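> Counting in this note's numbering, the sequence shown runs from 8 upward without gaps.
In case anyone wonders, no lab produced these hints; they're calculated from the structure. No false leads were slipped in.
What follows is a list of derived Cβ distance ranges for each label pair: (1) E245 / G488: 45 to 53 angstroms; (2) G156 / D405: 44 to 52 angstroms; (3) G544 / P93: 53 to 61 angstroms; (4) R449 / G544: 48 to 56 angstroms; (5) A531 / P244: 53 to 61 angstroms; (6) P77 / D282: 35 to 43 angstroms; (7) P457 / A325: 33 to 41 angstroms; (8) E409 / L103: 34 to 42 angstroms.
Because the structure is a prediction, the values reported are computed rather than measured. Every residue gets a Cβ at the ideal spot worked out from N, C-alpha and C, and that includes glycine.
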Amino acid sequence: MLTATAGDGLSHRLTRPWWRDAVIYQVYVRSFLDSTGDGIGDLAGVRSGLPYLKKLGVDGIWLSPFYPSPQHDHGYDVADYRDVDPVYGDLDEFALLVADAHRLGIRVLLDIVPNHCSAEHPWFREALADRPGGAARARFHFADGRGPGGDLPPNNWHAMFGGPAWSRVTEPDGTPGQWYLHMFTPEQPDLNWRHPEVGAYFDEVLRFWLDRGVDGFRIDVAAGLFKHPDLPDSPDPEADARTRDSVNPLAWNQPEVHGVWRHWRKVCEEYTARDGRERLLVGEVSVPTAREHARYVRPDELHQAFFFDLLGAPWDAAAFRAVIDEALRDIAGTGSSVTWVLNNHDQVRTVTRYGESGTEGTGLGAARARAAALLMLSLPGAAYIYQGEELGLPEVVDLPDEVLTDPIFRRTGSRARVRDGCRVPLPWSGHASPFGFSAGERARPWLPQPGWFAEHATDRALADTRSFWHLYREGLHLRRGLPQLGEGTLRWLEAPPGVLAFERGEGLICAVNFGTEPVPAPAAGAPLLASGPCPPGELPGSTAAWWTTATLTDRPTEPTEPPNRPNPPRKVRT
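Modelling step: build the complete structure from the supplied sequences, incorporating the hints.
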């Protein structure tokens, strides 16, 4: 038996920290809902969508960066960590969003980006104006070049988004000068976390937002803050260049990073001690193994870290079982809970990733995505859902080159791994773009929406009880009502080849048929919930189902209408 760290039982669920088995919905603010008709989603749009998310049944939301930014990487290049970009609203609108979310029982997590800032951040502007070796440059990684005249980069590191990880500056006197490190794009210089001012600055940032009522932070690039102090050459630069993963051991997963998370944990616990509200730190931790991942979620470090191995696993029963076993052994064994994800704003949408069905999202990809959703919601721990997954949205794979905004495309000239296709603004209603995303019918969303989005619009999803939306909603409400789900035990059951079957607690059986042919069901009678048609006694191919004899404590309620729009002040462009 593999056992998570908390026991079963509804009474425990009411007393244990909320985040241990929470379901968090990732809001990519730019693409969620536009309140002003300029084609860009905003905080007022998020606020108007809160009743929809409450009805769906999520416990919290994670907001993508909305800070002032030149938007070279759509907010992950932060120019001011303690304000709201006018394109998204202002601090007053943010306060209304937090208040409304809390009134509905929805927690609010912010995306914080401590590895790098924008090249337009005041600190970096000071660094460019400073001399080599000056105090302002010490907050970043500036170094002299190699070769005659210093014309070559200081080392052979590659940037995650393509090209070298170094750019050369022109000194104030007009001569070619030092180089600075950027592990993503030149517009995102890496901060030097060995400099004491950097840590002190982010202390102020954390407290600024905690004082405004946020419930925690999703931490971008949580394994990447520290670089090897000598900045030596990478042992395998070709591998670094082939992948967007964090494989350079000199630039990622340095031991000093754990001291930062211990300190941030203390800051969060300080606020929790004041009012009893548990604050959450969840890290984007890209490391090679679950065992290394587990080091980040030790009792005095991050509360949780995204476990990406489920997302990356091929559609194969043995592969999924190996990933689940490893996570429950190594991560849950620390006292944390596993944080499962199937998608996010950097990944190809699940329907397309699993499918062979084209852009419309029918067929095998949709069936597998539905089954994977039920599987994820039945595993011990927490789960994160990327916006639009509850609508069964496929990836938009045919965006014209001229509309692509991803810096990966600009840096490489290749469409491979470009992330715009999963960031197209959501369809809410109607038969043509902007599909209710923007307040004005003539508004042009910042990325074009294909015509087939109409089949996935929220109004249609709510009206069709067979839709992805109803599957997610019923799964989330049952998860809340069944004491066996969330945290607790997982015991594997005997199953035919290509099938995973396991028992959660007592009396709840979950099974997934990864094959294409039906197999005998692992439990008698009709399932409580299934990802597709599931006759009694049978589990069809590409289908997941739950069976239980437990008494439900919270039955699903009727669906809601699409969100009502507030009338916020119009945004001011800068």
